[in-house]
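Use these hints to put chain B onto chain A, whose structure you have.
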Amino acid sequence: MTATPPPSGRVPAGPVTGPAAIRTVGLTKRYGSVTAVDGIELDVPPGDIYGFLGPNGSGKTTTVRMLLGLVLPTAGTVEVLGARIPKHARSVLHRVGALVEAPAAYGHLGARANLSIMDAAGPGGSRRTRRARIDQALEQVGLAGVGRRPVKAYSLGMRQRLGIAAALLRKPDLLILDEPTNGLDPRGIQEIRRLLLDLNASAGTTIFLSSHLLAEVEHLCKRVGVVDRGRLVLQDSLAALRAPTGSVVLRTPDPEWAVGVLDGDLRERSGDRLVVRATDPAELNARLVGHGIRITELTEQRRTLEEVVLAATTGSSDRVDAAVPPTVGPRAEVLSTGDSAWDRPPAGPPVPLPTRPARDTFSWPAGRDTPEPGPGWQPSRSEPARSEPARSEPARSEPARSEPARPEPVRPAPDDRRPGQSQPGLGSQPSRSGSAQPPDGRSQPGPGWQPSPSDSAQPPDDAEVDPGGSAADRAGSDQPEARSEESA
Amino acid sequence: MIGVELMKMLRRPRTWVVIALIDALPTLVAFLLALTDVGPRPGTGPAFLSAVLNNGVLFPAAALAIVLPLFLPVSVAIVSGDSIAGEAQAGTLRYLLARPAGRTRLLVAKLVTVLVFVAMAVVVVVVTGYFVGTSLFGTGQLAGGNIVSVSGEPLSPHQAALRTLLAMAYVAFSMLGVAAMAVFLSTLTDSPLAAAMGALAFLVASSLLLTLDAADSIRPYLPTRYWLAFVDLFRQPILWRDIVRGVGLQSLYVAVLLGAAWANFSTKDIKS
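Protein chains in written order, with our numbering: chain A, 1437 to 1924; chain B, 8 to 279.
Source of the hints: derived by calculation from the structure; they are not laboratory data. Virtual Cβ for every residue (Gly too), placed ideally from N, Cα, C. Watch out, some of these pointers could steer you wrong.
To be verified - Selected chain A positions facing chain B (Cβ under 7 Å, derived; list incomplete):
#, residue
1, V1470
2, A1525
3, R1526
4, L1529
5, A1534
6, A1540
7, I1553
8, A1557
9, G1558
10, G1578
11, L1579
12, V1582
To be verified - With a Cα cut of at most 30 Å, we get these calculated DSS-like pairs of lysine-lysine:
#, chain 1, residue 1, chain 2, residue 2
13, A, K1607, A, K1523
14, A, K1588, B, K275
15, A, K1607, A, K1588
16, A, K1523, B, K278
17, A, K1588, B, K278
18, B, K275, A, K1607
19, A, K1607, B, K278
If we strip away everything but chain A, and leave its shape as in the complex, we get (with noise of 0.2 Å):
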């Protein structure tokens, strides 16, 4: 089976065809003796959500900044909507939405002041529809009742949104957003997180989202870049990166007698928790269920972003240590935070697993675990399409059910799965159709793969989507917005 573009289906509607939105073949910037970007090749096709990943000081904003000719390359081209930077950057980079590192805006001044100055400072902005073109933005980022209050009176959040607004300002066909949702409050984040699916969905607007907020990315992005130390580490879909370990994570009220069920196949068990090496989820919840026992919760384990992401980078640049370069340890602070902890038995001899069950895996609404065959998904790896839908959805978690017949890839002997912590590096990550697949997380699939936004570009937020639909459930409520504004 090759990696071939699906015939259709795949474009979101809006000008998406032409030229990559952004490409950059060997791109360096070196500063004295730092090289701060070693030859970086983007290559981001329209119409795409690309989540750029690093740590701190890896060269992600050298590099966004290279794309918006701010800063010179040493070496290397960028092109911009299918235009050399800097040479072209008049040509083009109208046509491209910015928001760099912080928001910035004349304090003394209001909202739509400055959005005025910004915008007759370059080409491209009609001074006819600028008020309009202002309002709107201002609307589509919450900031519609500003008023003229001058911006050093702003919150942090709303900064962030005017900027926000400032980068949609032109309708732009690429939107380059370093850190978006930086200093905005839980429901800011989620507003801007739909704004900007909402724009890729119905303007089939490019975004390019500098990040190292890993959550952010894993809930926009459909593919995804690691940089490390200037380098590009990892390029590939989100769905490849987040593969499946060949572990089920599941709880039960009797787990005496699922571990003698279970016998060699057990893992780790630590309490009612019990980690298991199988590759059919539903195989095994039967297994048990034939046995009488009872399953309170059985979760197909999956690698998380964060995982990928540690797996293939060295650490962080801002962490400065006195002798040995600390490969293990910004990992294992990341490790232990947040919702993982529970997840791991306290210290003992074997490195705990370090994965968390994918929030995505418990269960499946109706309706989902049925792939969608049609424009959505095609898997560019060699395995069933059918299995492919699980791995396109962002994390999320869904009321509990049972897993019927979920079809699962199959997978290679378990025993050499033993992902997290003693990864060293990208090409052992387990590939996640298994033996039938070389472990190329690295490699580059042709142009058409990612899902198309019908299908990947889920809401992220689990509360307020229902199961059933997904760019139908958004069209619902954001769209008639979007939709009046445009006519405004």
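Relative to chain A, chain B alone:
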């Protein structure tokens, strides 16, 4: 772009505060002179002040002479030093350039803005000087309305007005060297304060060297050397030699420094 930058300057409260402060000093001097009626002896103190007591029409020129050595250059250095570095410090520079405003365009717009600021400051000083001077000291009706020039010959009011205009132009032009220096420094640093202070240091050094006999050989090339040559415009006939040299010298400084500013800014990595 130029319009945008002008609007930004004009909408900034600081612009008007600075101009008001520049204007306050000559006004204060005028009131003190009028109250005490004690002028500096001819040949001492700021130019024209001794003559002003007889005829307020000369006060605009006197006001220029008062603000020229320090107040005007300080304000010009602040505004020009803020031009690029201020945007960098506020973080707006990256958004302007990613807009894309164009680096050369932005620099030109900033320069025009500085020029307009200098012109505004000079005009405000002269206009206030005229009103304050004529209302406090009269228009010299006793002397037949004529003005006594620096060289002792009388000047008609018409001539005086024309020469005041020339003096305004010359003073504004003299400020361009400072402005160019501050703009150049402004492209080097992200701190507007550092740029303004650097430009002032340049001026102070120049003024200091002017007073030093050992610096005699470089004196003709010091940027402040011909600043006060505008007084020669009020001689009868006008003594053009220093004025021409002053214009030439300032042009040279402006050309070199702006060239350096452009070369630096157009190839600079914007990391602010």
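Hints versus structure:
1. For A/V1470, the interface hint is violated, since its Cβ never comes within 7 Å of a Cβ in chain B; the closest pair sits about 13 Å apart.
2. With a cut of 7 Å, the hint placing A/A1525 at the interface with chain B holds, because the nearest CB-to-CB distance is about 5 Å.
3. A hinted interface residue such as A/R1526 counts as satisfied when its beta carbon comes closer than 7 Å to some beta carbon of chain B; here the least separation is about 6 Å, so the hint holds.
4. This hint holds: A/L1529 has a C-beta 4 Å from the nearest C-beta of chain B, less than the 7 Å allowed.
5. Annotation: interface hint on A/A1534 holds; nearest CB of chain B at approximately 5 Å, less than 7 Å.
6. A hinted interface residue such as A/A1540 counts as satisfied when its beta carbon comes closer than 7 Å to some beta carbon of chain B; here the least separation is about 3 Å, so the hint holds.
7. Interface restraint check for A/I1553: the shortest CB-CB distance to chain B comes to about 6 Å, inside 7 Å, so the restraint holds.
8. Below 7 Å, beta-carbon pairs count as interface contacts, and A/A1557 has one with chain B at about 5 Å; its hint therefore holds.
9. Annotation: A/G1558 was flagged as interfacial toward chain B, and the flag holds, the nearest CB pair being 4 Å apart, inside 7 Å.
10. At about 20 Å, the closest approach between the beta carbon of A/G1578 and any beta carbon in chain B exceeds 7 Å, and the interface hint on this residue is violated.
11. Below 7 Å, beta-carbon pairs count as interface contacts, and A/L1579 has none with chain B, the closest being about 17 Å; its hint is therefore violated.
12. Checking A/V1582 against chain B by beta carbon gives a least distance of about 18 Å; that is not within 7 Å, so the hint is violated.
13. With a CA separation close to 23 Å, the supplied pair A/K1607 and A/K1523 stays within the 30 Å bound.
14. The hinted pair formed by A/K1588 and B/K275 meets the criterion: a straight-line CA distance of about 29 Å does not exceed 30 Å.
15. A threshold of 30 Å between alpha carbons decides the hint, and for A/K1607 with A/K1588 the separation of about 26 Å falls inside it, so the pair holds.
16. Restraint check for A/K1523 and B/K278: the C-alpha separation of about 19 Å stays at or below 30 Å, so the hint holds.
17. The hinted pair formed by A/K1588 and B/K278 meets the criterion: a straight-line CA distance of about 23 Å does not exceed 30 Å.
18. Taken as a hint, the B/K275 and A/K1607 pair is honoured in the structure, with Cα atoms around 29 Å apart against an allowance of 30 Å.
19. Pair hint A/K1607 plus B/K278 holds up; C-alpha atoms about 26 Å apart against a cutoff of 30 Å.
The structure fails to meet hints 1, 10, 11 and 12 from the earlier list, while all remaining hints are met.
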